[in-house]
Amino acid sequence: MIDRLESIDQTVKSVASGKIAPRHLVEFCLDRIRRHDGVLQAWVRVDEQPALAEADRLEQMARRGKIRGPLHGIPLGVKDIIDVAGMPTLAGSPTRAQHVAARDASLVSSLRRAGAIILGKTVTTQFAGFDPPPTRNPWNLEHTPGGSSSGSAAAVAAQMCQAAIGTQTGGSIVRPASYCGVAGFKPTYQAIDTSGVVPLSRTLDHPGPIARYVSDLALLFRVLKQGSHAPTGARVPAAVPLLRKVEDVFMEEAAANVTAALEPAFARLQAAIDVENPFRLPQSFQKLHRMHRRIMAAEAAHVHGNEFQAASREFAPCITELISEGLAMPAVDFAAALEHRALFRQTMGQQLNTDTVLVMPATNTIAPPDLTTTGDARFQSPWSYAGLPVVSIPAGKDPQGMPCSLQFVGAPGQDERVLAAAAWSENQLALDWGRPEPGATRTN
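Per my numbering, residue 2 is the first one in the sequence shown, and the count goes up by one each step.
No lab work stands behind these hints: they were computed from the structure. Note that the structure is a prediction, hence the values are computed from the model and not measured. Honestly, I wouldn't trust all of these hints.
[Said to hold, decoys possible] Derived pair list, reagent style BS3-like, types lysine-lysine, alpha-carbon separation capped at 25 Å:
#1 LYS14 <-> LYS67
#2 LYS20 <-> LYS67
#3 LYS226 <-> LYS14
#4 LYS288 <-> LYS226
#5 LYS246 <-> LYS398
#6 LYS226 <-> LYS67
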């Protein structure tokens, strides 16, 4: 009998020992989906019978002492801009109603080889943009879950799957993970293959995992990066990491209820924070958000412009605005944005040595009580722009019980160091909020 989902590493050990059957894991998740997804709306498609059949195959393997990989029997969700063979990839758009994937995306193939069970596709905003989806926040159905990986974060928070895969172009992993009270990881740019992922902005798109624990994020990252031979087990560092707090902008522009909710967390991490040497953002940060928008608009227009011009009425307002900006953009503006990004990346690389991890609030507000928005990406988009690895972990709640998070950012390629710092911090905070029950949450 399963009453709650544990860490992936612990669960796979239980499957290998015969304590838990993969079918029971899948049935637990399917039961949560049946009970709660009518109000939560985190899933586009759930493939019950194929998932149960795969669970039975994996159970037979485990009984023979054969474990396919470090995700053996683990039920996962996949954001619906990522191809899963035999399933439609709608990307949140009615223009793709007939698109059925002929093969798995590269990252889905890696998950399967490691023993994962794909439950189905989770809700995304249209083309991973800013238009709000039908998904609601499992902690309070009147609040947005964030976007664009809305369904992935909500499904993990509501225990509808053990983890899920999302993508981030601005703030689309970190923000929904923070709003929904789970952990999220955006790796270094190009650390994970994007083959079979519907692009929004090719030089900004980052696939990454959303899960309950940092150890799960680390394990999923190794599978996605290295394949089924990724080592198991969490790598929690014995040594205290070197953290530098970002004071300017991130502390100045965070809402009062966010800074108040995170104050105890910063106090618990004080032993690791270099209080004499806070991190100062480079001068190029001032133009960052405008330049990020330019690159995203130009590249979105390049990818989706023809389809938009042929069927513009099928495009939602925010993605319409973005693509229209890109179609009208002078080449010199795009070139200036690319030059600015190169400068910002270079400067951040020089200022961030390989031993240091930055820490700051993950979002400037808690999840807004507004279903017409996915929230503000200003605290997450700099790290997508620079291609830096970032982990967010739950770190506090506001007086109304809504979660907020810290984010940890490192130098390019220092993904494992950032994960280790976040894991150490997660252990120090030792939070256990329980699990939200969306069906019992008040609605309008």
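Any hints this thing doesn't respect? Which numbers, in order? Of the numbered hints, just 4 does not hold.
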